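Asks: First to last, the protein sequences are chains A and B. Oh and the first sequence: position 42 is 42 in this note's numbering, straight run, nothing missing. Oh and the second sequence: position 24 is 1024 in this note's numbering, straight run, nothing missing.
Just so you know, not all the hints are guaranteed correct.
Some chain A residues well away from chain B (every beta-carbon gap over 10 Å; in silico) [claimed, not checked]: (1) Ser5; (2) Glu11; (3) Gly87.
To list a few chain B residues with every Cβ distance to chain A over 12 Å, as calculated [unchecked claim]: (4) Asn1004; (5) Phe1029; (6) Pro1054; (7) Lys1070; (8) Lys1077; (9) Pro1147; (10) Arg1156; (11) Val1355; (12) Thr1357; (13) Val1364; (14) Met1382; (15) Ile1415; (16) Leu1416.
Covered stretches of chain B, as calculated for chain A (at least 3 residues, CB under 8 Å) [stated by the list, open to error]: (17) 1232 to 1245; (18) 1386 to 1392; (19) 1448 to 1460.
Please keep in mind that the hints were generated in silico from the structure rather than gathered at the bench. All values derive from a computational prediction rather than experimental measurement. Just so you know, even glycine gets a beta-carbon here, dropped at the ideal spot from N, CA and C.
For reference, the chains in residue letters:
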Amino acid sequence: MYESSVIDYLEKLALLKFTDEEKKRIESEIGKIVELFSELVNVEGLDIVEPLYHVVEIELPLRDDEPLNGIDTNHELLSGNAVLENGYVKAPKTVGE
Amino acid sequence: MVNNVSYKYISMPIYKLLQEFKTDPMKVFDYLEHVYRVIESVETKIKAFITLMPQDAVSRRVETLIKESKGKIDSMKLFGIPIAVKDVISTKGIRTTCASRMLENYIPPYNATVIERLINEGSIIIGKTNMDEFAMGSTTETSAFYPTRNPWDLSRVPGGSSGGSAAAVSSGEAPIALGSDTGGSIRNPAAFCGIYGLKPTYGLVSRYGLIAYASSMDQIGPMARNTIDLAILLSIIAGHDPKDSTSLPIGSKNYVALVKELVYKEPKLRIGIIKELFENSDENVKVKAYKAVDKLCTYHECLTVSLPYGKQIVATYYIIAMAEASSNLARFDGVRYGLKVPFENKSWEEVYLEVRTKGFGYEVKKRVALGAYILSVGYRDMYYIRALKFRRILKETFDKIFRSVDVVVSPTMPILPPKLGEFFEDPIKIYLADINTVIANLIGIPAISIPVDFYNGLPIAIQIMSKQLTEEILLYLSMQLEEKTGFRNIIAEVH
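The shape of chain B in the complex, shown without the other chains:
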């Protein structure tokens, strides 16, 4: 416990904080004071941030906000609420590194659409969070700067790639955060850190200003300590953006109102339990996850569904992700921005090779190189096209499953958070641990990670997936489960 910090205040959900701030805007400063005391005490141990905004700069920002918002405060949906933002999302004037040497000194000249929306609603960015380099990893260990540690057990990883965002929220350094999810990068760290995380339907949230990893699967999403906070944040970032050509032509919904309505009406749903994804999980995870699902099954109708594929799903994900990454990361040539090497008397090819060699870490180089290989003559049909075909088979498999059930459930991660360095020797093992989460990205459906229990002090979570654009159903079930487990607004005690 940090001295002189009110944990009642720190753990307060943002919908309650908002009421306090709107009654008395000066309370924003009080809250920030507590937040920064927590940061001062735990950040050296956790290292959730790459760039942390100094408290005085944030206070000045709040002063300006209060002045500029006179008369509008009541209508602002995040007035004075601090937020941590994954360092893959562009923030005007705030360094955005992607945890890479390539962008170590890059300061974006524009805001991502999600950032514009947060600022318009009165939110305050307190820092940019650590991640796996260019979001390639599941442990936050591939960051070019330092690994982040799990607030529940400092010898373990927080998950990834949005590990900094998850660790910041679970340790009380920020009430909410933004992450991005290409193959589980929001849900995996949310599960390992004991918070809520949602990957929206592909195209629901604008990717404008999100530095691309695998464009056909990347989505930005909310992370929070309870379901309603998750819904508030989702309502703000969702909805059409003309600046992103893959953004769906639909408006945002008021997810908070929708969830409350569903909780009130309490429709009975059909829940499919994906047998194989439970059976392939560690025993401790499996037992606790089943126990949580039972809580839903006392009210809803549960039935077992079967997924006849395993490693093929992971193979498909990595083939597509690496192929798209090799193309996306070709933009980093060090000419207009990014890592600079002197180029007098050197050819373009020499300079480009040097920039990529010095700018990228091992995991990124490996994925870019294998991606180039996958797309090369002779291998494209064998790997890339095959993966895209399997992607359709997977989509059709789930289309069929969703004709008999409304949602499907599994553990979020089949394992407990590993120790730092545990997977260094066997990367395939960590790739295979992504099996439950990559499905939603491959077929563009929404998925939520809900913390449900602890095993030996380590959080355990379940994942629920549903049809495209039915996020409110996921939030409804999350809310019901939250009521039953009491797993809400929990802050990790960092030792």
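The shape of chain A in the complex, shown without the other chains:
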């Protein structure tokens, strides 16, 4: 069983809340998951290899930075529930008073 302070930390880190029921579940699961992750601690030769971020290790071509069949002329990319004001998308305020 993990302490609830760990769950609080996870919630803060991920910017979300678990319900009480979800908290009970994750408390019972997280120990087992971390234990599984710890399987990597004792793998021989791990220190001497480079991390493999991506399975295709060739340089992939980038296309020219030009729009392809642009579809956003009328905010088509926005769904009906985006709040628009003067042609701009309205978002929650990001700075305090």
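Once you've looked at the hints, dock chain B against the given chain A.
Replies: Structure of chain B alone, referenced to chain A:
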């Protein structure tokens, strides 16, 4: 059996249907009539779809298609063929939910590249299929809407995360389907539902329009009831796409022609049997899987290969997947699309927290939170970097194996399809059941799941993996095995 349905028609492979449709385009309507009768009869029990297109809308689409395709029908590779599409792939004008409350009402303004290609070849989308929420799961039980049931046994799961696609194909609701596979999400449900499924080489199929889970491992792939249909669908969706920067700069191949050529020439291959992955499987799975492999070994040269890692592989997969998921799913802020909460007089942080709390289900929250933890200061080196290092060791292990054999074989899943709810208490058990499938995603190689037999009425499948960009070899062996087992075009009887 559904009344008034011709199962001979419903189970017909798409390469035969195509001949019928091209001779007489009106036959598309006949076939659709049969498909919709099956759907009407079984869908309430299976629940394979999240969004099902109404039959009249589909019929109108076919009318337009016939009109617009005059003179071009012969060259279209999927003319009139209905397809079910996993609800993680963007479809213009058709709701795409990822089985999440977050995107419950999201209607994409554009098509994924794979969808554009299907439409250009004359395929008809009949619906969007159920899945684990944001593809996170192996049973289709984490869908925010409802679980899908296995057509072979309604008390069991269809596998996941592409469980809706697999159930639709195996029950006759659609002849072919698209799935996506990050750690086995095509192959696992294909195995549990008794159909064929292929995860292509990373970068072979465009991910443009695929809603991301773990970008370094996600691939879209085909699902079908026989090998040739799988090859037809793969030929259409494969090939370079400038809209996906991880798409490999190569054209598509005609996999059907390649498979036929290989079947004709019948090259003898060296097949590596991964001992540990057989030994770690349930007894019933192991026995049937070995029996199927024996059928290949009467012709090819088989030898045992050893994989000296077990739980480390699963740990590596979940660390990388959760880390990438925590980053990918940060885009759902509810501002431009997706779940909306009122934000007057609330700070950005309050709104963002509320959107994520209400929009994501338990499994998604858990993976996003653990992913954030894995990437946080102090733990990044301990977990994430270590996992990436092990990923290289795993790749090198298989590079070495592929110097002595052409392909490797194992059961697709080490277990039979579990009952609904069976893994609820012990998620680690279901994570560990992914061991055979996650390897291909971690190192970017192709893998196919081939149904071979039944045990107590439940399908059993083997998985074959090969070097990057050798999908035709997998299809060749699948075709050979299909000939020997006769496991083709089988529709589950739903009771």
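Asks: Going through the numbered hints above, which ones does this structure break? Give me the numbers in ascending order.
Replies: Those not satisfied are hints 2, 11, 12, 13, 14 and 19.
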